[in-house]
Amino acid sequence: MSGTIPLWDEIRKKYISFWKEKWHDRIAIVYSNNLPVYYFKLGESCLARFYRQYSPFKEPAIATEHEIIFPVQGNSKYKIKSIIDRIDHDQNGHWEIHDYKTSKRCFTQSRADSDDQLAIYNLALLHTEENVQSVALVWHFLQHGQEVRSKRTKKELLYLEKRIKDKVDLIRERIKHRCEFLP
Numbered sequence: 000m001s002g003t004i005p006l007w008d009e010i011r012k013k014y015i016s017f018w019k020e021k022w023h024d025r026i027a028i029v030y031s032n033n034l035p036v037y038y039f040k041l042g043e044s045c046l047a048r049f050y051r052q053y054s055p056f057k058e059p060a061i062a063t064e065h066e067i068i069f070p071v072q073g074n075s076k077y078k079i080k081s082i083i084d085r086i087d088h089d090q091n092g093h094w095e096i097h098d099y100k101t102s103k104r105c106f107t108q109s110r111a112d113s114d115d116q117l118a119i120y121n122l123a124l125l126h127t128e129e130n131v132q133s134v135a136l137v138w139h140f141l142q143h144g145q146e147v148r149s150k151r152t153k154k155e156l157l158y159l160e161k162r163i164k165d166k167v168d169l170i171r172e173r174i175k176h177r178c179e180f181l182p
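Quick note: the sequence shown uses numbering that gives the first Met the number 0, first residue 0, plus one each step.
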């Protein structure tokens, strides 16, 4: 399937093949009243909706499932590992970080604007890539066919790095003193 845009039937066959190969009885089902066939059909429906909505896929994707390890505030004592679903780059300094969600609810704009996950991925790009003029954060809510976009300012990203560093320091301090972790 690489190099060309596959037809929906090819994607569906690949999905069925992956499902048969990877499904096993030890997979935890959160909502026990849903049978595995429910999740199979949900996955198929999400893929079909995404395919219809975004085909022919002309976005400048440069990576999928991309792992980045970076130091918080440039300090190697504070490293974060990120695995980013998809990164697009137009070669002119404009980047997009995409994340795919299968959750029942979509983010509101306010929730997206305050969520840390993709903001951390934004930090990862800033620490590891050159020519980063802008970064758009894009959530795809697959059950709903909805896309929510956000951006972070430099000030917001600096504050996020400080919060991460402070949280790591707190955890290390508790470990050092063998304190209980609060839920």
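Hints were generated in silico from the structure; no laboratory data involved. All of these numbers come straight from a predicted model, not from anything done at the bench. There could be a bad hint or two in this list.
[As the list claims (entries may be wrong)] Quick list of the computed label-pair ranges, beta carbon to beta carbon:
id : residue 1 : residue 2 : range
1  : Arg110    : Asp165    : 28 to 36 Å
2  : Asp168    : Leu46     : 23 to 31 Å
3  : Leu169    : Glu146    : 33 to 41 Å
4  : Lys78     : Ser31     : 20 to 28 Å
5  : Leu169    : Ser109    : 25 to 33 Å
6  : Ala62     : Ser102    : 20 to 28 Å
[As the list claims (entries may be wrong)] Below, a list of computed lysine-lysine pairs in the DSS-like style, where the Cα atoms sit at most 25 Å apart:
id : residue 1 : residue 2
7  : Lys76     : Lys100
8  : Lys150    : Lys161
9  : Lys154    : Lys164
10 : Lys78     : Lys154
11 : Lys161    : Lys78
12 : Lys21     : Lys78
13 : Lys40     : Lys100
14 : Lys80     : Lys175
15 : Lys78     : Lys13
16 : Lys175    : Lys76
17 : Lys76     : Lys13
18 : Lys100    : Lys175
19 : Lys150    : Lys166
Backbone N, C-alpha and C define an ideal beta-carbon position, used for all residues, glycine too.
Hints and how they fare:
For Arg110 and Asp165, the Cβ-Cβ distance of about 23 Å falls outside the hinted range of 28 to 36 Å, so the restraint is violated. The given range of 23 to 31 Å is broken by Asp168 and Leu46, whose C-beta atoms sit roughly 42 Å from each other. Distance hint check: the CB atoms of Leu169 and Glu146 are about 35 Å apart, consistent with the given range 33 to 41 Å. The supplied range of 20 to 28 Å is broken by Lys78 and Ser31, whose beta-carbon atoms lie about 37 Å from each other.
At roughly 27 Å, the beta carbons of Leu169 and Ser109 sit within the given window of 25 to 33 Å. For the pair Ala62 and Ser102, the supplied restraint of 20 to 28 Å holds, since their beta-carbon distance comes to about 23 Å. Only pairs whose Cα atoms come within 25 Å are accepted, and Lys76 paired with Lys100 is rejected, the gap being roughly 31 Å. Proximity of Lys150 to Lys161 is assessed by CA-CA distance (about 18 Å); at most 25 Å being required, the pair is judged to hold.
Taken as a hint, the Lys154 and Lys164 pair is honoured in the structure, with Cα atoms around 16 Å apart against an allowance of 25 Å. About 20 Å separates the Cα atoms of Lys78 and Lys154, which keeps this hinted pair within 25 Å; it holds. Taking the CA atoms of Lys161 and Lys78, the gap is about 13 Å. The hint holds against a cut of 25 Å. For the hint pairing Lys21 with Lys78, the CA-to-CA distance comes to about 31 Å; that exceeds 25 Å, so the pair is violated.
Of the supplied pair hints, the one linking Lys40 and Lys100 holds, its CA atoms being roughly 16 Å apart against a limit of 25 Å. Annotation: proposed proximity of Lys80 to Lys175 holds, straight-line Cα distance about 23 Å (limit 25 Å). This hinted pair does not check out: Lys78 and Lys13 have alpha carbons roughly 36 Å apart, beyond 25 Å. Of the pairs offered as hints, the one joining Lys175 and Lys76 holds, with about 16 Å between alpha carbons and a cut-off of 25 Å not exceeded.
Proximity of Lys76 to Lys13 is assessed by CA-CA distance (about 42 Å); at most 25 Å being required, the pair is judged violated. The hinted pair formed by Lys100 and Lys175 fails the criterion: a straight-line CA distance of about 36 Å is larger than 25 Å. Between Lys150 and Lys166 the CA atoms are separated by roughly 23 Å; this keeps the pair inside 25 Å, and the hint holds.
Hint violations for this structure: numbers 1, 2, 4, 7, 12, 15, 17 and 18, all remaining hints satisfied.
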